[in-house]
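**Student:** Start from chain D and add chain B according to the hints.
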Amino acid sequence: MMRRSLVMCAVMAGLALAVSPVRAQQLQLPDFTRLSAGAVDVVDVSVDQALLGLAASFMSSGTDDKEIKSLISSLKGIYVKSFTYGKDGAYDPSLLDSVRRQLSGGQWSRLLAAKSSAEGSETAIYLWRNGDKPGGLAVLSASAREVTLVNIVGAIDLEQLRTLQGKFGVPDLKMGGEAARTTTPRRTR
Amino acid sequence: MNPDARLRNALAPVDPPEGFAHRVRARVAREAGPMPAAASRRTSRWLAIAAMVTAVLLGPLAFREYESRREALAARAQVVLALQIASRELNAAHRRVVRPVVTTLAPDGDGVSGKAGRP
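Chains as they are written, first to last, in the working numbering: chain D, 3 to 191; chain B, 10 to 128.
Next up, chain D with everything else stripped away, as it sits in the complex (with noise of 0.2 Å):
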């Protein structure tokens, strides 16, 4: 009879597992009611396996189609919180201390941090791997009006990724003026 139940408990366990969609470079996002709550513009984009299956079902054969389909063709999930505010300092960046506690440990590691005082803003860019294999992707950042947090699980190409910016009709959102300042070298004779 015990041992009955220990196989029951083991099996149950075994498709618990099986059916969750809980991944380690899925980031638990916390309730966010409360960043949510003064922000004046929110986007909160939650795409899981099924549906990046079924959206790329449907893209089409053109350019910038094909090149999302390749991106995402090995992902399993993306989720994005974005949250923008008509003042500064309207949301408590405590809130997000949950999502870094999660950032700084396990297989993630920080690939990239920018801080400007001056603008009150930092970005960082975590890398979730798994032995030499990228397994995941984390971007958070902060500003005086704006919090974002990404998190795209599966193996994504960074500069593939970097690339898809001014496409699909949507234009450039250049931020800052570095953007406008940054040129391409060009011989001219």
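Simulated from the structure, these hints should not be mistaken for lab results.
Ideal Cβ placement from N, Cα and C applies to all residues, glycine included.
Mixed in with the good hints, there may be bad ones.
[Claimed, not checked] EDC-like, lysine to aspartate or glutamate: derived pairs with alpha carbons at most 20 Å apart: (1) D:LYS135 <-> D:GLU161; (2) D:LYS78 <-> D:ASP46; (3) D:LYS71 <-> D:ASP159; (4) D:LYS71 <-> B:GLU80; (5) D:LYS117 <-> D:ASP99; (6) D:LYS78 <-> B:GLU80.
[Claimed, not checked] Pair ranges (Cβ atoms, derived): (7) D:SER72 <-> B:ARG78: 21 to 27 Å; (8) D:LYS117 <-> B:ARG73: 27 to 33 Å; (9) B:ALA86 <-> D:ALA120: 33 to 39 Å; (10) B:GLY68 <-> D:LYS117: 54 to 60 Å; (11) D:ALA26 <-> B:LEU67: 45 to 51 Å; (12) D:GLY133 <-> B:ALA64: 29 to 35 Å; (13) D:ARG164 <-> B:ALA59: 42 to 48 Å; (14) D:ASN132 <-> B:GLU74: 37 to 43 Å; (15) B:ARG73 <-> D:GLN30: 30 to 36 Å; (16) D:SER96 <-> B:ALA64: 19 to 25 Å; (17) B:LEU67 <-> D:SER96: 53 to 59 Å; (18) B:ARG73 <-> D:ALA39: 36 to 42 Å; (19) B:ARG78 <-> D:VAL42: 29 to 35 Å; (20) D:SER75 <-> B:TRP55: 35 to 41 Å.
[Stated by the list, open to error] Output of the computed footprint for chain B on chain D, the stretches with three or more beta carbons under 8 Å from beta carbons of chain B: (21) 36-46; (22) 50-63; (23) 152-161.
**Tutor:** This is chain B only, laid out in the frame that chain D set:
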């Protein structure tokens, strides 16, 4: 009777019986006329049943097709939006850590010196 005369006799024109033309016209008019009411009702009933069965069978399929198309379009829009935001954040962070490339034209006109580095 010689064969020639017999043949002429056999092929001689014969007038149709009395009222033949009238009977033929009457029959033609009868057969080309409207279908009997009972047959017409039967045909339209079957047509209605066929239309109903087609609608019952194909309706849900068409609706499901429409729904999945709508869901796929919404999913595609979400994916594009999510990738746009991710790409924007990635570029913003990249711009903050990489100093912009400075381009200057060399005096001889064909040289370019680009300097890039960390701030």
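**Student:** Taking the beta carbons of SER72 (chain D) and ARG78 (chain B), is their distance inside 21 to 27 Å?
**Tutor:** holds, 23 Å
**Student:** Between LYS78 (chain D) and GLU80 (chain B), is the straight-line Cα distance small enough, at 20 Å or below?
**Tutor:** Status holds; Cα separation ~18 Å.
**Student:** Could you see if the CB distance from ALA26 (chain D) to LEU67 (chain B) stays within 45 to 51 Å?
**Tutor:** holds, 46 Å
**Student:** Within 37 to 43 Å: is that where the Cβ-Cβ distance between ASN132 (chain D) and GLU74 (chain B) falls?
**Tutor:** Once the Cβ atoms are compared, 39 Å apart, the range 37 to 43 Å for GLU74 (chain B) and ASN132 (chain D) holds.
**Student:** Is the distance from the Cβ of ARG78 (chain B) to the Cβ of VAL42 (chain D) consistent with 29 to 35 Å?
**Tutor:** holds, 33 Å
**Student:** Indicate whether the distance between the beta carbons of ARG164 (chain D) and ALA59 (chain B) respects the range 42 to 48 Å.
**Tutor:** violated, 58 Å
**Student:** Cβ-Cβ distance between GLY68 (chain B) and LYS117 (chain D): within 54 to 60 Å?
**Tutor:** For GLY68 (chain B) and LYS117 (chain D) the Cβ distance comes to about 59 Å; the hint holds.
**Student:** Against the 20 Å threshold, does the CA-CA distance of LYS117 (chain D) and ASP99 (chain D) hold or violate the hint?
**Tutor:** holds, 17 Å
**Student:** Using the beta carbons of ARG73 (chain B) and ALA39 (chain D), state whether their distance is inside 36 to 42 Å or not.
**Tutor:** holds, 39 Å
**Student:** Please work out if LYS135 (chain D) and GLU161 (chain D) have their alpha carbons no farther apart than 20 Å.
**Tutor:** Holds, at roughly 16 Å.
**Student:** Quick check: the segment 50-63 of chain D, covered by chain B? Criterion 3+ residues, Cβ under 8 Å.
**Tutor:** holds (count 7)
**Student:** May I ask you to test the hint 29 to 35 Å on the CB atoms belonging to GLY133 (chain D) and ALA64 (chain B)?
**Tutor:** Between GLY133 (chain D) and ALA64 (chain B), where Cβ atoms are some 57 Å apart, the hint is violated.
In this structure, the hints that do not hold are numbers 8, 12, 13, 16, 20 and 21, in rising order.
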